[in-house]
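Residue numbers (the numbering used here), protein chains in the order written: chain A, 7 to 310; chain B, 7 to 310.
Each hint should be verified, as a subset may be incorrect.
One copy or two, either will do: identical chains are not told apart, so a pair holds if it fits within one copy or between any two.
[Said to hold, decoys possible] When the alpha-carbon atoms are kept at most 20 Å apart in a straight line, the in silico DMTMM-like pairs for lysine to aspartate or glutamate are as follows: (1) K197 to D173; (2) K64 to D173; (3) K197 to E232; (4) K210 to E98; (5) K210 to E232; (6) K91 to E28; (7) K91 to E220; (8) K210 to D179.
No lab work stands behind these hints, which were simulated from the structure alone.
Since this is a predicted model, take the numbers as computed values, not measurements.
Protein chains: 2
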Amino acid sequence: MSLLVTGTIGIDTVHAPTGSAEGVLGGSCAYFAAAASFHSPVRVVAAVGGDWPDDHRKVLEGFDNISLDGLEVRAGSRTFAWGGKYFANMNERETLFTELGVVEEPAPMVPEAYRDSEYVFLANTHPEVQLAFLDQLPDRKLAVADTMDLWINIARDELVMLLEQVDGLVLNDSEALQLTEVRNAVTAARKILEMGPTFVVVKKGEHGCVLAHESGVAVLPAFPAEAHHVIDPTGAGDSFAGGMMGHIAVAGRADLPTIQSALAWGTVTASFTLESFSLDRLASLKRADIDRRMAEFRGAARVG
Amino acid sequence: MSLLVTGTIGIDTVHAPTGSAEGVLGGSCAYFAAAASFHSPVRVVAAVGGDWPDDHRKVLEGFDNISLDGLEVRAGSRTFAWGGKYFANMNERETLFTELGVVEEPAPMVPEAYRDSEYVFLANTHPEVQLAFLDQLPDRKLAVADTMDLWINIARDELVMLLEQVDGLVLNDSEALQLTEVRNAVTAARKILEMGPTFVVVKKGEHGCVLAHESGVAVLPAFPAEAHHVIDPTGAGDSFAGGMMGHIAVAGRADLPTIQSALAWGTVTASFTLESFSLDRLASLKRADIDRRMAEFRGAARVG
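Only chain A is shown next, with the shape it has when bound in the complex (with noise of 0.2 Å):
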């Protein structure tokens, strides 16, 4: 049931008509482990440089179950940067700087005591990438990846070699009509499940997801967040992934009945990441939480 995550550690800075954070912790890596950290133990592959504070680690390090040895410190350079300002409705957002650092240089690689691990999630980066990290992980038994427009637009060959040799694949409905151009997102996610995975759930943020999954289809509303409670989105799809994935992992299996238990494990997970800027509300989250969040959710999701 080892849960390995490779993905950014970034310094986030976000403005919201919520309010601001500036110089947060952020990046895929780190709300995928905390999120995934409330179910399974999480090892975090990842680079970040000499600039790195201090508290964004201490953050980290006060998850229980969160591994921080295939975190590679890199004095000599910068962490990945991103501003981002989410417009009124807070569900479209403009970048206003990404400072790449880290991410330029070489991938960081998977420590030797983390190349057993059996479960994987390849946070969005270039597909590349995303496929050299898969050949240091040969017990590998399920590998899910995330992807974005860019790479759909600029890497499609190494996209699709990616496609064949990951079990599963998560996206924005945006970025399934881009790959497919089905704007339907069952028919999109099927099409997507004929270029290799035996599963993929387009994620559609306020509107839930969809999974197409060999055996079947299925569909899951969103954690109905009232407007108050929605303070900052970034890192929600990848605290919804988090959670899905801790889940599959303590499963040790993948059928269709367990991703779809993953997916509203995912989706309380992430109505928790909504509520503050930063990791702040999954920091002071307790398991306990989740559980009764996911009461409520099957209570207020019920199919009469």
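Based on these hints, arrange chain B on the given structure of chain A.
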């Protein structure tokens, strides 16, 4: 458990990427009644002109459980006619023409034999007309209204009065935003709840629906229809309301769990409407088809 619907019966012309249908049976009342009839007997109150095609009447008469004693045929008038065109994504449409006909004349009367109706659905029309219908239904136990952007714009005061008189409101997400100036569907629905009704359903099309009820909130995804099954979305919202109200009328109550079930029956019933132009698919449908798809939906939308 007597269910009554007031609304339009129209002559529709629809152009879509999937084909065209000219001069076919349509209108909120027709779709609602057809959908509801699989769940409950339903009484229709509507008016048509002398030009109403006999084969449109035959379609409605072909459904078990639809009573047409409240259908006024006005020999010297013209039937409401609507033409629309769907764009490539099948989610947006433009109106090509609207010929109001009988809709500009005094509303039809509720016949004496229908005045004991307990469950009432007021399909979209001027809220003053909806209020006048309520005055003719003294025995009603539960009245639910639909509305549209036009009335929110030009008859907001009358709509506010209507909301104080009805038990439920059904509207689209864009209309909920327009009425409340709140983009979040959960918060918007809760805000409308404060205006009078005991429940509010926000329809989000392919993304399902959100329910705010005095006892709590619920969410439901849409049935996961594949792209090639979506032929014509016209009437899907009215069919959803028909399936929902048919279930409520038979259940004889409107507590939160009953309405959650009703939303699922509405969702499943409407998923057939999409599969053809006009009421073609509903006209060939059997209750067993709905039950089978409900079982499929329960599996696909299961919260793990």
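Going down the list of hints, with the structure as the test:
no.: 1; hint: K197 to D173; in the structure: within (15 Å within a copy, 43 Å between copies)
no.: 2; hint: K64 to D173; in the structure: neither (33 Å within a copy, 53 Å between copies)
no.: 3; hint: K197 to E232; in the structure: between (34 Å within a copy, 11 Å between copies)
no.: 4; hint: K210 to E98; in the structure: both (12 Å within a copy, 18 Å between copies)
no.: 5; hint: K210 to E232; in the structure: both (17 Å within a copy, 16 Å between copies)
no.: 6; hint: K91 to E28; in the structure: within (12 Å within a copy, 47 Å between copies)
no.: 7; hint: K91 to E220; in the structure: neither (38 Å within a copy, 36 Å between copies)
no.: 8; hint: K210 to D179; in the structure: both (6 Å within a copy, 16 Å between copies)
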